[in-house]
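J.: Protein chains in written order, with our numbering: chain A, 1 to 266; chain B, 1 to 439.
One should not assume that every hint holds.
Derived DSS-like pairs: lysine-lysine, alpha-carbon spacing no greater than 25 angstroms straight-line [stated by the list, open to error]:
(1) A:K98 / B:K135
(2) B:K284 / A:K98
(3) A:K98 / B:K103
(4) A:K98 / B:K11
(5) B:K75 / B:K11
(6) B:K238 / B:K68
Taking beta-carbon pairs under 8 angstroms as the criterion, some of the chain A residues facing chain B (in silico) [claimed, not checked]:
(7) Y74
(8) R78
(9) G93
(10) L114
(11) R129
(12) A134
(13) I138
(14) R139
(15) T223
(16) L225
(17) D227
(18) V231
(19) T235
(20) P236
(21) Y253
Pulled from the structure, derived: some chain A residues nowhere near chain B, Cβ distances all over 12 angstroms [what the hints assert, rightly or not]:
(22) R16
(23) T63
(24) L89
(25) I99
(26) R104
(27) D123
(28) L127
(29) I216
(30) I234
(31) I242
Read the hints as simulated data drawn from the structure, not as lab findings.
The beta carbon of each residue, even a glycine, is placed where N, CA and C say it ideally should be.
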Amino acid sequence: MTNQYDIRRYSDLHVRIQPFAEIVADLVVALNLEKTGGRGPKGEPASDRAIRDYVRRRVLSPTLRGPDTDERGYYGFRHLVEFLAARVLLNDGWPLEKIAEHNRLSTTDQLIALIPGQAVETDAVALARSFRSAGAAIRNGDLFAARSSVASMASAPPPTFSASAPAPLSSSEDWSVAASFEPAIPPARSRAELPLLMRQLTQSERQPQVAQVARIALGDQVTLLIDQDLVRHITPGEADLIGRTVSAALLDYQNLSRPRRTENDD
Amino acid sequence: MTIELKLTPRKSALLAGHDNTLDVLVRAIGPQPPEGTPRRRRLNLALVIDCSGSMQGQPLDEAKRCAKAVVGQLKAEDFVSVISYGSEITVVSRAAPASDPAKICALIDGIEINGMTALHDGWAAGAEQAAIHVKTADVTRVLLLSDGNANEGLTDPAKIAEHCSQMAAVGVSTSTYGLGESFNEELMFAMARSGGGNAYYGKTAADLMTPFQQEFDLLQALYARNIVLSLTAADGVKVEMANDLVAAGSGWRLADVAYGSEAWAVVRLRIPAALVAGFAGEAKELLTCSLAWSRDGETQAADTANLALTSLDAAAYGAVAEDELVARRSQEVRFAEFQRDAGTAAAQGDWNRVDRILDRARKEAAGNEWLMASLGSLETYARERSQDHFTKEARFKSSRMMSRLAAVTEEASYSVSAESAAPSFLRRREEEGRGDRGK
């Protein structure tokens, strides 16, 4: 995957601190790393001062020699990756001392894997992300995407996926994998027929409505179906009201199940 | 220093003039730990913790305690990540060196209860974190804890197990921890078996620490993984694998071998009488075994081992003593089969059948102190007609016996105190779901 924030475009970086700070500052903003994730203190702005401080604290590796001189003070791709990874970990609440240790122990690829939106070029990471995407698609009721994301892993060369977003869904038509996702009618055909079938079924142009429902089995004989959004954010008062309503409905079961009598019944 | 492959027949001869059934013990014997301080294996663990509603209270507290205990034992050069899953998946701590255990433990303390059980999504998030460091670490494993069933996202056990298998093939293995009475043991077994790891369970939250420690100790002492045993029998000889092992290609996968331990299997040979006639007076080859495993990312192989025997008349054959170790391991496998069948019968609510099987198991266990002790908890659950407890204990016990690592120096005798002196992953246990607390 290549996007406008792909930091690998700087893989040949070899610059002095001023342009390095400008590149870092741009990337921090572009990758949305200037804000904390809510766990840790806000990081220093990507200034000359912060960069020198990071070198002094060993969050960044020692600076490089210049291209035509023994003079140090140059920054390369590894420094860029170290800075951005440090910003991610700072946002997670890590102290700089531990980040320095982490950066020293990690390879460049491992650090890149921490940075949002970056491609990770290992089979294992790509495979795990395809499984996550498949799971997420099933949760969203999109079986087409579910099988596509897994099928693409089996049929294509090792793909690269975003480090923070779900894996991009392939348009692969190789259906040989993920057989359990296979619907009875080919998806393309069933999608094309959907408007017509809906008209026949409902006499309207309306699209199928999808609701995420949580199914809570209360023992063998009682199953509660409840709107998933409601149950996720339910308050004690709402839960109590639902419980009382269920009680009332159960106690009035005879009336609920009996057909309503009308004047014409007799 | 390598793995030694050893074949031992229950009797070192065939009985002339008869069809013969012969048990052969196959042992993959790991080396003794090297002198001095061996290089510690670099671990890369993803701790995936169920925080669905049913984990409220002590279960989640104990899960956190176990996770923190694991983190506390890691070295700075190890990698660890922590993921919690309910309806939402949260990467509590990203995959990173375990250089700040206090920070990671504080993050674990912050895990909160969260709705349903998106087990597959939680596992996949753990696998993703673990995968980042798979090339750097010696052992990469997802440790997944659940007290329930997958009820959100992908829930098909076969599909989830297939994903575990694919991740294992790229170096990310999976071990599972079931908690309590309601977890789906079929799913947890399937994930661990397909994922190249181990399945454990704790009857209560307080029982969880023992299996976590067991796994941690095993990972630190690991010598070789992905051990595949291949068997070739002589023409006319039928060969059966008695242990319930996972098929791997044309062979079977044995337990991962730690220093000072052995993975083993009992192979049953059936030799027709007509064929035995050709073995008179001259030892002929019956079975050839080969072994392959991975260590430090490389595939290695042991020297091929052969079993050749001769046939004897009844009098001479009767004088040949049985090998005590082979007889004992065969007894274990048969006992494990009884437990597995009893677990199935209990799951179906057929307690009369359970009682009959346990009677037979008791007869089978005669003379084996460990098996007799092990039967106690099952008999108690059977008397109580405690279906969940019985089913889970029987299945986990059976699975463990079928695929356990043994100490190279393991004695026939058994006592709790002697076992407690052994490394935790080599201990013979009386109850799989019960931790070591209070013993």
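J.: Holds or violated: V231 (chain A) as interface residue toward chain B, Cβ cutoff 8 angstroms?
T.: 7 angstroms, holds
J.: Can P236 (chain A) be said to touch chain B, with a Cβ gap under 8 angstroms?
T.: 14 angstroms, violated
J.: Starting from K238 (chain B), check that the Cα of K68 (chain B) is at most 25 angstroms away, please.
T.: Roughly 50 angstroms between the alpha carbons, so the hint for K238 (chain B) and K68 (chain B) is violated.
J.: Does the claim that I234 (chain A) lies off the interface hold, with its Cβ farther than 12 angstroms from every Cβ of chain B?
T.: Contrary to the label, I234 (chain A) does not stay out of reach of chain B, its closest Cβ about 10 angstroms off (not over 12 angstroms).
J.: Verify this label for me: T63 (chain A) is non-interface relative to chain B, using a Cβ-Cβ cutoff of 12 angstroms.
T.: 24 angstroms, holds
J.: Quick one, is the R139 (chain A) hint okay against chain B at 8 angstroms, beta carbons?
T.: 5 angstroms, holds
J.: So L127 (chain A) supposedly isn't at the interface. Is its beta-carbon more than 12 angstroms from every beta-carbon in chain B?
T.: Incorrect as stated: the minimum Cβ-Cβ distance to chain B is 6 angstroms, not above 12 angstroms.
J.: Could you check if R78 (chain A) really has its C-beta closer than 8 angstroms to a C-beta on chain B?
T.: Violated, because the Cβ-Cβ distance from R78 (chain A) to chain B comes to roughly 16 angstroms (cut-off 8 angstroms).
J.: Given L114 (chain A) was flagged as interface, is its beta-carbon under 8 angstroms from a beta-carbon of chain B?
T.: 6 angstroms, holds
J.: Using 8 angstroms as the Cβ threshold, decide whether Y74 (chain A) counts as touching chain B.
T.: With a closest approach of 27 angstroms, the Y74 (chain A) hint is violated.
J.: Taking the least C-beta to C-beta distance, is G93 (chain A) closer than 8 angstroms to chain B?
T.: Holds. Min distance 7 angstroms.
J.: Is it correct that the beta-carbon of I99 (chain A) has no partner in chain B closer than or equal to 12 angstroms?
T.: 9 angstroms, violated
In this structure, the earlier hints numbered 2, 4, 5, 6, 7, 8, 15, 16, 17, 19, 20, 21, 24, 25, 26, 27, 28, 29, 30 are contradicted, and the remaining ones agree with it.
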